Amino acid sequence: MAENRELWGDDDGPSDPHGLMNSERAYGFDVDCSTRPYRLVESQWGHCYDTDLQAMLGLHCYNFQKGTKFKFECWEKFSCDYTCEVCIYLTFQARDPASDCLISFQTLFSDGGCGADFTIEWRSLACRLKCNERLDDYWDDKALIDEFYMGDMPKWLSDEALAADNKKFYVVQEPDFLENDWLYLYSEIAFYAKTDCNLTTSPRLEVKKVVIETKEEYMTEAREKLKAENAIFYISYKYNGDDRAARGLAGDHRAIVRKTMDGKPGHMCLEVARRTEALTSPGETSTPITDFTKLLIKN
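Number 298 marks the last residue of the sequence shown (numbering that gives the first Met the number 0); no jumps.
Here are the simulated DSS-like cross-link-like pairs (lysine-lysine), alpha carbons at most 30 Å apart as the crow flies: (1) Lys-226 <-> Lys-167; (2) Lys-65 <-> Lys-208; (3) Lys-208 <-> Lys-70; (4) Lys-65 <-> Lys-214; (5) Lys-68 <-> Lys-129; (6) Lys-167 <-> Lys-68; (7) Lys-237 <-> Lys-226; (8) Lys-237 <-> Lys-208; (9) Lys-68 <-> Lys-214; (10) Lys-226 <-> Lys-208; (11) Lys-208 <-> Lys-154; (12) Lys-214 <-> Lys-166; (13) Lys-167 <-> Lys-214; (14) Lys-65 <-> Lys-226; (15) Lys-208 <-> Lys-68; (16) Lys-166 <-> Lys-65; (17) Lys-166 <-> Lys-237; (18) Lys-76 <-> Lys-65; (19) Lys-141 <-> Lys-263; (20) Lys-129 <-> Lys-70; (21) Lys-154 <-> Lys-263; (22) Lys-129 <-> Lys-141; (23) Lys-65 <-> Lys-141; (24) Lys-263 <-> Lys-226; (25) Lys-214 <-> Lys-237; (26) Lys-68 <-> Lys-226.
Computed beta-carbon distance windows for the label pairs: (27) Leu-128 <-> Glu-84: 18 to 28 Å; (28) Thr-82 <-> Pro-36: 14 to 24 Å; (29) Pro-96 <-> Lys-214: 25 to 35 Å; (30) Asp-158 <-> Asp-242: 23 to 33 Å; (31) Cys-47 <-> Cys-100: 20 to 30 Å; (32) Ala-162 <-> Ile-102: 42 to 52 Å.
In case anyone wonders, no lab produced these hints; they're calculated from the structure.
All values reported here derive from a predicted model rather than from experimental measurement.
The C-beta atom is built at its ideal place from N, Cα and C for all residues, glycine as well.
With the hints as extra help, turn the sequences into a complete structure.
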């Protein structure tokens, strides 16, 4: 999807008889241009679990690229554009922990649906401070993404593979979880996908172990992989909440999450294997890699 539409002044005819698109409003975020005639996107303010996750993905991309620590608070408004993908123009607020001030953000979320290999694809195609500037929402996977991170999802990582080539892997340590709480977000998105996207509230997940794989070997220390733009995450976690609320999924789980970035501001893609059993090597049991510890628990 390429954003070839002008932000304002290109359509004062039947589609925009009231002149909603002007220099003060942003396409999609302030004016819903998927309808005819155009309409203003009204502020609603609130929490809806799937919308929260979409906003948090965009904010994670912003923090990752900018080195900031903004925390998601709530979303304000959104509009949807249904083309070959589901695209959501989302305005939300995040808190700056340094000043304790609330800041308005915009993110463009894209849902690529579920592939034949039971993989969902979520993308942030923009995340920025609220403005009315034009977006570059073209995802360029030929730019900086190695073929190692493309194609079919990898199989579940075995202990033998981890031991054989430890330059390409990093077992996340306890202090890393405290500094990189987005690792919990990856687990949460994976569990949301596993429930067929039917969760309505944040689940009680216990992250036990995370292993990061990159094609590139680390230069100084293995924890550099936490800052890799392209990486694969093997996550062992447990759902401790109400079994009925999660479609009978109480207990231990594992997730394979592949993150890729094309180098553009606000761009990040997460591919999540919904059924890791479908990605298990022949003869391999479904037992997760050895539990690390109860590193991160969200109530």
